[in-house]
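A.B. asks: Each chain, written out:
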Amino acid sequence: MKDIVKLGITLALICAIAAGGLALTYAATKDEIARQLQEQQLKAYRIVFPGVKNPIFKHREDLAKALKKEEKTEAITHVFDAYSGESKVGRGIQVAPRGYGGFINMVVGLDVEGKTLGVAVVSHNETPGLGSAAAEPKFLEQFKDKDPSSTVEINKDIDAISGATKSSKAVAKGVKEALEAFKETEGK
Amino acid sequence: MLATLWRDFKNGIIPENPLLRLMIGLCSALAVSTRAESALFMGIAATFVLFFSNIIISAIRKVTADQIRIPIFIVVIASFVTIVDLTMRAYFPVIYDRLGVWVPLIVVNCIILGRAEAFAYRHGILRSAADGMGMGVGYTGLLLIMGIFRETVGSGKMVFFDKTLFDLTRSIGFSPPRIVILFPGAFLTFGFIMALLNKWESRRRSK
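These protein sequence lines map, in sequence, to chains L and D.
Going by my numbering, 147 is the number at position 105 of the first sequence; the sequence numbering is gapless.
Going by my numbering, 8 is the number at position 6 of the second sequence; the sequence numbering is gapless.
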């Protein structure tokens, strides 16, 4: 009995010290992590609205939440509106379809009529040299000028990356989901 | 004393290289050695954890009762892994993204728990530090060799911090065998390195 108490106290003490160390590290890196994430996101947001000078992005968490609730598009993570000065230039939809090595975090930019202006990948974990080509502009360019009525099927409308069908399909699915989400939220 | 430390340090590089000789921690090594850059950062992360967890575990070994040593090791190791995880996420987000799940998985890397149990729990702080560093260098070294080989042969180019050091696909029209960066390539590369080392060792011994 005495032993158990002694062991318990030792263990608790060590855990407490470890927790303290972690709290300090967390506090020290918290802001930097948030800043990095935001920067990465913003970079992708700018890519999907090419030609818009000094775009302003406004998150529409209400729409993203509504979409999630209806379970129509489970992979949607963010919805935002893009403005150039006062005028609205389009809507961006951030979506995370499942690829080969995990989720592909990507953004689709659409103009006010729902035509895709650009697609960019924020982060992904696809096989380097193979699936990673699905995150490169050369492949993503193919998704330009689509609208909610067009199909984005691999090997029909879009040339897949050879050897990386799964990654290619995931990106196409992401774009499709974004187009559908646009239709759902149009005019809101 | 210095000679002992040096021997402990060297021990991890060839005689007891965690990957080639002890054959532990292979999973992460095979997975992240697709690129030299990822291999280097994974090696640094694991070395950091190994070094500090060895020091702390050695320092508290006298108050660590036998019955609870494993949970204590895990707490110490997990704390250092989380520190590495947060730091990498804050300052090297691109590499963190690429390493993905392998950074948090350092917690369950056998090398670290193995060294805690086999070495740090039984030896002094300085010797444990030397052992941790040596094991880390041995791990990083092999990871780098595999990473450099697999990236060069498997993708035909070498990219470091978004800078392309060379691109054989452009300069000499080399078409890389993709298998080298896929999973089978990891096993093949590792097998060949091991075979070479064994060959070298048996030749040295027979002399």
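By construction, these hints were calculated from the structure, which means they are not laboratory data.
Among the hints, erroneous ones may be present.
[Unchecked claim] Computed, partial: chain L to chain D, Cβ under 8 Å: (1) Leu49; (2) Cys57; (3) Thr67; (4) Thr71; (5) Gln78; (6) Gln82; (7) Gln83; (8) Leu84; (9) Gly171; (10) Gly205.
[Unchecked claim] Here are the simulated DSS-like pairs of lysine-lysine, each with C-alpha atoms no more than 25 Å apart in a straight line: (11) Lys111(L) x Lys95(L); (12) Lys180(L) x Lys107(L); (13) Lys180(L) x Lys215(L); (14) Lys208(L) x Lys230(L); (15) Lys64(D) x Lys44(L); (16) Lys85(L) x Lys180(L); (17) Lys100(L) x Lys130(L); (18) Lys95(L) x Lys130(L); (19) Lys186(L) x Lys208(L); (20) Lys208(L) x Lys64(D); (21) Lys211(L) x Lys198(L); (22) Lys180(L) x Lys64(D); (23) Lys100(L) x Lys225(L); (24) Lys48(L) x Lys64(D); (25) Lys64(D) x Lys85(L); (26) Lys157(L) x Lys95(L); (27) Lys64(D) x Lys130(L); (28) Lys107(L) x Lys230(L).
[Said to hold, decoys possible] Non-contacting residues of chain L with respect to chain D, defined by C-beta distances greater than 10 Å in every case (computed): (29) Pro92; (30) Gly93; (31) Ile98; (32) Asp123; (33) Val194.
Each residue gets a CB set at the ideal place from its N, CA and C atoms; glycine is no exception.
A.B. asks: Could you run down the list of hints and mark each one as holding or not?
C.D. replies: Hint check results:
1. Leu49: holds, 5 Å
2. Cys57: holds, 6 Å
3. Thr67: Because about 5 Å separates Thr67(L) from the closest Cβ in chain D, which is inside the 8 Å limit, the hint holds.
4. Thr71: Where the cut-off is 8 Å and the nearest Cβ of chain D is about 4 Å from Thr71(L), the hint holds.
5. Gln78: holds, 4 Å
6. Gln82: Interface hint status for Gln82(L): holds (7 Å vs cutoff 8 Å).
7. Gln83: The hint is violated - Gln83(L) has no Cβ within 8 Å of chain D, the shortest such distance being about 11 Å.
8. Leu84: violated, 13 Å
9. Gly171: Gly171(L) check passes; min Cβ-Cβ to chain D is 4 Å, inside 8 Å.
10. Gly205: holds, 6 Å
11. Lys111(L) x Lys95(L): Given that 25 Å is the threshold and the Cα spacing comes to 34 Å, the pair is violated.
12. Lys180(L) x Lys107(L): Violated: Lys180(L) and Lys107(L) sit about 32 Å apart, past 25 Å.
13. Lys180(L) x Lys215(L): Holds, because 18 Å separates the two Cα atoms, which is no more than 25 Å.
14. Lys208(L) x Lys230(L): Violated, at roughly 33 Å.
15. Lys64(D) x Lys44(L): The hint holds at about 18 Å.
16. Lys85(L) x Lys180(L): holds, 18 Å
17. Lys100(L) x Lys130(L): Roughly 10 Å between the alpha carbons, so the hint for Lys100(L) and Lys130(L) holds.
18. Lys95(L) x Lys130(L): It holds: about 13 Å lies between the C-alpha atoms, which stays within 25 Å.
19. Lys186(L) x Lys208(L): holds, 20 Å
20. Lys208(L) x Lys64(D): Answer violated: Lys208(L) to Lys64(D) is near 53 Å, above 25 Å.
21. Lys211(L) x Lys198(L): holds, 12 Å
22. Lys180(L) x Lys64(D): At roughly 60 Å apart (the allowed maximum being 25 Å), Lys64(D) and Lys180(L) break the hint.
23. Lys100(L) x Lys225(L): At roughly 19 Å apart (the allowed maximum being 25 Å), Lys225(L) and Lys100(L) satisfy the hint.
24. Lys48(L) x Lys64(D): holds, 14 Å
25. Lys64(D) x Lys85(L): It is violated: about 52 Å lies between the C-alpha atoms, which goes past 25 Å.
26. Lys157(L) x Lys95(L): Distance ~19 Å between Lys157(L) and Lys95(L) Cα, so the pair holds.
27. Lys64(D) x Lys130(L): Distance of about 67 Å is beyond 25 Å: violated.
28. Lys107(L) x Lys230(L): holds, 13 Å
29. Pro92: Given a closest Cβ separation of 21 Å, the condition holds.
30. Gly93: holds, 25 Å
31. Ile98: Nearest chain D Cβ is 24 Å from Ile98(L), so the label holds.
32. Asp123: holds, 26 Å
33. Val194: Val194(L) clear of chain D: closest Cβ-Cβ about 25 Å, beyond 10 Å.
Checked against the numbered hints given earlier, the structure breaks hints 7, 8, 11, 12, 14, 20, 22, 25 and 27 and satisfies all the rest.
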